[in-house]
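K.L.:
Make the full structure from the sequences, and use the hints.
2 protein chains.
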Amino acid sequence: MTAKPVHFKRVTLIGIGLIGSSFAHVLRRDQLADHIAINARSQQSLDTATKLGLADSTTLDPAEAVKGSDLVVICTPLGAYETVIQTIAPHLEAGCIVTDVGSVKEMVIETLSPHIPDGVHLVPGHPIAGTEHSGPEAGFPELFQDRWCILTPTPGTNANAVEHIAALWQTAGMKIEIMEAKHHDHVLAITSHLPHLIAYTIVGTATDLADDLKQEVVKYSASGFRDFTRIAASDPIMWRDIFLNNREAVLDILGRFSEDLTALRRAIRHGEGETLSETFTRTRDVRRKIIDAKQDK
Amino acid sequence: MTAKPVHFKRVTLIGIGLIGSSFAHVLRRDQLADHIAINARSQQSLDTATKLGLADSTTLDPAEAVKGSDLVVICTPLGAYETVIQTIAPHLEAGCIVTDVGSVKEMVIETLSPHIPDGVHLVPGHPIAGTEHSGPEAGFPELFQDRWCILTPTPGTNANAVEHIAALWQTAGMKIEIMEAKHHDHVLAITSHLPHLIAYTIVGTATDLADDLKQEVVKYSASGFRDFTRIAASDPIMWRDIFLNNREAVLDILGRFSEDLTALRRAIRHGEGETLSETFTRTRDVRRKIIDAKQDK
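Just so you know, the sequences run in chain order L and S. FYI, in numbering that gives the first Met the number 0 the residues of the first sequence are 0 to 296. FYI, in numbering that gives the first Met the number 0 the residues of the second sequence are 0 to 296.
FYI, nobody ran anything at the bench for these hints, they're computed from the structure. C-beta atoms are modelled at their ideal positions from N, C-alpha and C, and glycine is treated no differently. Since no wrong hints were added, every one of them can be taken at face value.
Computed footprint of chain L on chain S; a stretch qualifies when at least three of its residues, placed anywhere within it, have a C-beta under 8 Å from a C-beta of chain L:
no. : stretch
1   : 177-190
2   : 195-204
3   : 247-254
4   : 279-290
P.N.:
Structure, rendered in structure tokens:
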């Protein structure tokens, strides 16, 4: 796919965190919308969005925000989707495309689909991009550059709407992949959700240490620990909702991980050096493949 | 402590991997030795060291290498220490300082001490620096810049010898900390050994996946997984030896980690959102402290 020109009359962003604000920057930079309407739960976020020049209009009321929009992008934590769609559904106009940026897709389709009115098109999406920073100030237009965006349309999804959303993210610099929602959730459980859970856990284990030891952990963090703290600084509410909404896939891969960790623990306890060195040799290969796939930067 | 001028007649490096070769680069750059003798197990490594201009003499025989040396630096994996010290001990001259760069210190003292002849000084050391690359070609003199070096002398260690080694690593750009070996091993189990074990495990879990899924893990690795693959690419033999030689401290912290992970797993299974968000909020604070301590780069 190559990007084709895309333009909207009125784009509504529901939620203006890292992804929402970065997307608004793209809309502005490339003049993709005549009007950007922003809705958020706090007036402070709306004021920040206005100050940053991202909004043509702001409102605390999602229903008001979506009126007259031909594109609505849901950028809230997953836990807010049910309330959002119930509130906005009666005010969506025919022809409008509703998309989202959530990290779990099967549950999103289950939550949103039943509320989507006839003539409105749902295109579930997941731009895989982020930093450990949150909030509207954290956004920047290059966030999406050269990253993957996964779209998970259902068999009934309007093909033209999918093409529009694909073109939009391509304009933002992303590479597009279409896959089934269930498969997306399984892949992301491994590449993203499990790593985050592990990072949160190890940093949590360290924060439970005695105070003097905790200071030394910070002091000598460059020896490995530090790499985990960056991703464990990600938004807590967003991540709570990801784990609650991708429970099955996360528990499955977590079960495999726990088994593997128990096996290594046993090898350490019993001094089985060969088990350790064999495992550690296999893992090198994966790093090499990531470097070959140019995903290491 | 501030660095004072330090100079050796003949420095012998036993092992010429990432740390050994980086240290040789420093010796050359700052002209800290009249003669650099390098010993390694393979002729290929010795040839590489010669080609890089790091060696004044090379030999496959550790005993020959240490003759006439006033400083011997053991830079091999921990598993080789016993053989190395047995081989070199009869050839160490009075006044010589023996130091090492191993990541575990209590076991190093237990292994080396009994063999150290009278008049020879053992100063166990751990320059906390590294990359995921291995071998003599991976070395560079700036590796140690602004990093911590922990020395773990025993009560009987010659104070002058400790000062010499401290000054040496300071010349390499390091900050010096003196601590008890047991405490060092406990701190490093948390900051370095556990993170590496976890990274090896998660990358190992991913390599066991079906081939098509494995390809997607590489493709979407930027979403979190990638951060783990870098440290899981570290030298397998070096890390095998670290886990075997710091067994108690690693198993202790691994036990705590496993408990914490089980608690989060339970919270996901039972949909206990508050447990998740509370844990994820606490961990942010640690990242902030690391940034404050300027250990984030």
